[in-house]
Amino acid sequence: MQEYIDLIENALQRIVGAYFLLPTTYTRAGITRERIFCYEFYHQIRCLIGDNDLLLLHGEIDKRGHRDFAPGHRVNPDFVFHVPGTHERNTVVVEVKGNLNEAGIRKDFNTLLNFTEHYGYRLGIFVLFGHSVKELWKLRKGILLPLTHRPTAERILIITIEQPHGNCEKLPLSEIQTEL
Numbered sequence: 080m081q082e083y084i085d086l087i088e089n090a091l092q093r094i095v096g097a098y099f100l101l102p103t104t105y106t107r108a109g110i111t112r113e114r115i116f117c118y119e120f121y122h123q124i125r126c127l128i129g130d131n132d133l134l135l136l137h138g139e140i141d142k143r144g145h146r147d148f149a150p151g152h153r154v155n156p157d158f159v160f161h162v163p164g165t166h167e168r169n170t171v172v173v174e175v176k177g178n179l180n181e182a183g184i185r186k187d188f189n190t191l192l193n194f195t196e197h198y199g200y201r202l203g204i205f206v207l208f209g210h211s212v213k214e215l216w217k218l219r220k221g222i223l224l225p226l227t228h229r230p231t232a233e234r235i236l237i238i239t240i241e242q243p244h245g246n247c248e249k250l251p252l253s254e255i256q257t258e259l
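With our numbering applied, the sequence shown closes on residue 259, and no number is skipped along the way.
Keep in mind the hints are simulated off the structure, nothing from the lab. Computed from a predicted structure; not experimentally measured. Heads up, some of the hints might be wrong.
Stated by the list, open to error - Computed beta-carbon distance windows for the label pairs:
#	residue 1	residue 2	range
1	H197	G138	14 to 24 angstroms
2	G138	I84	11 to 21 angstroms
3	L101	G245	17 to 27 angstroms
4	L218	E167	30 to 40 angstroms
5	H244	N180	22 to 32 angstroms
6	M80	C126	17 to 27 angstroms
Think of the CB as a built atom: it goes at the ideal place given N, C-alpha and C, for glycine as much as any other residue.
Kindly produce the complete structure, drawing on both the sequences and the hints.
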């Protein structure tokens, strides 16, 4: 799994400032737009991996109506590394956030945990851009603390990058309370 972690970290560090904050006519300093960031993140990952016949990267695969997923688990993760048409090579599921919205944080971590617990994904990665792990913990401790005890919490990795071309922080969900 380290190769996927390194790939994601390298792709994050290649994203320039215009994708962290989108300047608008009403806020020249920019606003956070997750989708804008995700499109560039996807592009950077694809540039780094090139053509890979074994695993494919897909964005926002719609799980509504998927008969293999429980009704409460039919969500669209931001990215998955997998082999389409089988669950045997479900490898990495990724959720991305650019804000610390309570409902969004809860949804994303539950998606990662459900996909790793029930659908064979070996690793879940939560990417937070524009913020640190410490900020995430400080503002969302109440959401995160109970999740640290879930069966696959040690397979959920939090990766944060605060600014363009910055260093990434990495921490397993299962260790967040002991490390901060």
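A quick look at each hint next to the structure:
no.	hint	result
1	H197 x G138: 14 to 24 angstroms	holds, 21 angstroms
2	G138 x I84: 11 to 21 angstroms	holds, 19 angstroms
3	L101 x G245: 17 to 27 angstroms	holds, 18 angstroms
4	L218 x E167: 30 to 40 angstroms	holds, 38 angstroms
5	H244 x N180: 22 to 32 angstroms	holds, 25 angstroms
6	M80 x C126: 17 to 27 angstroms	holds, 21 angstroms
Hint compliance for this structure: no hint is broken.
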